[in-house]
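Participant: Place chains B, C and D on chain A using the hints.
Protein chains in written order, with the numbering used here: chain A, 241 to 342; chain B, 1263 to 1565; chain C, 135 to 304; chain D, -17 to 402.
One or more hints might be untrue.
Here are the computed distance ranges between Cβ atoms for each label pair [as the list claims (entries may be wrong)]:
#1 A:D335 to C:P146: 35 to 43 Å
#2 C:L153 to B:L1555: 44 to 52 Å
#3 B:A1508 to C:L294: 22 to 30 Å
#4 A:E314 to C:L279: 15 to 23 Å
#5 C:P146 to B:F1277: 31 to 39 Å
#6 D:A203 to C:N136: 53 to 61 Å
#7 C:A284 to B:L1429: 34 to 42 Å
#8 C:R264 to B:F1540: 44 to 52 Å
#9 B:F1540 to C:M289: 29 to 37 Å
Just so you know, these hints were derived from the structure itself, not from any lab.
For every residue, glycine included, the Cβ atom is placed at its ideal position computed from N, Cα and C.
As a plain string of letters, each chain reads:
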Amino acid sequence: MISLPVVLGFAAVLFAIGAYGVLGQTNAIMVIMGVELMLGATMLNIVGFLRYAHPDATSGAFFVLIVMTLMALEATIGFGLVIATFRTRRTAEIDDLTDLKG
Amino acid sequence: MSDFAPLAVMLIAGFGALALACVEQVVAGARPSPVRIARDAVLSLREPIARPQSYDGWLFHLAPALLLLSAIAALAMVPWAPGFRGIEVESGAIVFAAALAYVTPAVFMAGWGSGRPLAVVGAFRFLALMLGYAMPIAMITTAVAAPAGSLAPAAIVEVQHAVPMALVQPYSLALWLPAVMAVALLAPFDVATAPGELGGAGVFSRYTGLEAALVALARRVLLLAVAGMTAALFLGGWHGPLLPDALWMALKTLAVGAGLLWAGRVFPRVENDRLVAFAWTFAVPASIGAIALAGLTTLLFYR
Amino acid sequence: MNDVAVALVFWPVGALMLLTALYVFITSSMARAGLLLLAALALESILFIALASEYLGTLMLLMMSAEMVIMVFFMVMFMPDPGGLMGMDMTHDKRRSIAAAVVLSVALSAVAVATDWPARVLPPDAPDVRALGFEIMGRSMFSFLFAATAILFTMVGGILVAKQGGRYAR
Amino acid sequence: MAGHDPAGLGLTPVAGAEAAEVLLASSEVPEPLASFVAGELARSPGLQVVGGMVDLPLRGRLLGDVVGGSPAAQGEDPHAGHDMHGGHDMHGGHDMMAIVGEPSADGLVMEPIDFRFGPVTGVLPGGLAIEVSLDGDVVASARVRALLRGGVDGPRDQPDLLTPIAWQVAVAVAAERSEGAAPPARLQWERVAAVEIERSLSHLAWLRSLSRSLGWAQLVALAQRAIIAVAPHAGLPAPPEGGASLAAAEAAVTRVRRLVEGRRFAARTRGRGVNADGALAGPNARAAALGVDTREEDPLYRELGFKAVIEEAGDARARSLARIFEAQASLGLARLALERARSAAGAGTLEAFATGGVACVEGPRGPLLAVPGAPGGAARFAAPGTEAARTAAGAAMVGLEWSAALVVATSFDLSPWVVA
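Only chain A is shown next, with the shape it has when bound in the complex (with noise of 0.2 Å):
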């Protein structure tokens, strides 16, 4: 029935979708969500190999949980960088914070 190659298409569907929201959008924010789905898109391919390829590699279940420690805290800084920026130049759109080009 399901098999590991229709999870891994989820997956990678899923993580086209986070690209998707990563290039295509201007605010921050919506950038950061576009990283969410492609971390929770990493997380599914693991669950899939842990489910159909090797069950005992209790280290890719650990793993899973660093990827969605590192979401939090991904997370957490952009949110930090949003507020700085915020506060000196009044808006979070990441056209306008175009300063280091060259």
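Facilitator: Frame of chain A; chains B, C and D shown alone:
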């Protein structure tokens, strides 16, 4: 876990909510009249459903369902008797905390969707409060599960056959109660549904008809789940000298429910900034300490 | 759960997950976007539970609810039109990002389907909490400590970055 | 709605106006509030406005002619455009990407949330509205407005319907003084008793609304029980046995006082809304050791051994303590006055309060001045200190979190009939 467990959980939710409504009336000093409560509920179903003029109207209409879903999911984890241990899940205590965590988006959707400034303020207040108490709830759950060596609530009750957890870890109970009362929107911490201060029932004030009945049922089922889990995790669940097991659990749950409601009447509402400050400065570090102490007591007494 | 049950759960929940994930970036109201993301990740954790890693699914359910509502909180605070009333189109070079996403998904799923994966199937309800517990306390203790300290540093760092006046108290 | 227990009439009080089905009013609902009620609250199907049903049964018998029938309210109409339910203005779109405005306390620029804490709420007396601009959940600016009566401190021709007895005593005394006729001593003592009982009733009704804003169900119940105990004496100087049940009323008020003095009450009100504005009057001023109690110069009160209640802190807690001590002392004064009324005979003394034809009675919210109009014309009224109380309430709310701000606003005990 028989196939009828979900049906049994639904029945417990219905009758438990009715029983707690009567307990609420008794605590408030009025004569309990279950017939009148049921009649009011049925009568309120006839009212038309309110349509708020807000852009995210469907969030408003989705909130009562999500609130009831999370309340019943939390109730499903409560072990009522050796014969019926609720929906048996290996990490049931964490599922209980996860179910309670979905009260936050439900309250936020209700507040945001109703489109009234005070309701939005109530929604943000509740969100800030839940951020503070999310960690203590999860930490105390693991602290209580340490002696049992398993996250299943039934196993935690089994380990309390000699002495209830409230005596072994009183600090955990002290941290668990305010966190759980805040999640279940109970009185001294009802910052989101503050009647009077936020106009009507705060976040839920714009609901009428079926949705108002759903919200009322969900809040009582939430109280039932919280009281039941407190009785199971801290007061020894169905263990008790004479009476049959299920009766002990029912009595303890109603006693805890009455205690929570009484505390709600006797204390004025605590302001949100003090609650959040208490959560971050005291409850979070203390709950980390509680896990350490729980590990210690487990090694000393339970192994 | 046996195979039929997994299939029955997997297909609808997976499809709904992809749909809500897509709508996150289509809808104009930011509150809706945040809650749609919450719905997408909650459905994903239901997939985890269907794929026999129950503890991971429950943990993800617990974490995602608070995190996504914080995200909505930030969006409402910092975006010019959180209610989406103006229907502003907040995207840039939309066509190229759609193209990139489609190419990416086709390539990855081709890889997923093409390679022949070793077929060793896990008994449906294998106990993973105990094994995970020993893993954390055993082999991967160091990386778990590293993750814990990373969380601590991030908490402190996030607050310092967001604090008025930045890191250097001018 | 002082004086009557809604449960007794088979009604259960409801938290907010939206959930209500019956709106009880102590007198006919005046125009601007009636339009609000019809507009806003007509939504809930079965809403009947029952006006005038619960009229205090005292008007005619004690004090001669009744002053001006139902109040023709000339309060300015609430500009309906900006009311609470007009969509959420917080979402007003901005064309520019950046949000403009001055940064709030933590340096971030936020859109303020503007709304009106409507005239019909479970907390404030009906007709009193607060226009608030919230920055997050901290009050950025607030303005208290009454939708029932536009009016300034200067003389007006309509009394404050929340404390009818005190106004009518002032009018009667002013009329007697202009004609030089001294009322019988027994009537003077009965007036003292009636004014004192109304004062304790007004303070208890105010405490009930404050405890609702505190969200303290126990104090609401106790205040309600005290009101029910005191209310039967409100109307007429009851027959002799009245004295006995007054003692029961005092016991109920004592139980309320113990809670108000307790730590739980102090936790929410101490140090909040400190205000020592000289122009304040009544309990608001006495709570900051400023004002003077006009009853101290009145020989009748001096005979009863009256001592004014003075607090120093000037915050919400001091105002509450001042009012609850006064409420209890008033019941004692009323009992003594009733005993003297029964034993008194012959003409009373006229020069009780000779201030050139202007009668002054210490009402629950401060001194009430009544100037007798031309013979046959209506009397003119003034209540100094109410405008100061209104602006003080608005100013004291700024910078506080919304729940604390509402408690502070309620602690000023504003009446929608006299507040501008």
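Participant: Which of the numbered hints are not met once you compare them with the structure shown?
Facilitator: Checked against the structure, the hints that fail are numbers 3, 8 and 9, while the rest are satisfied.
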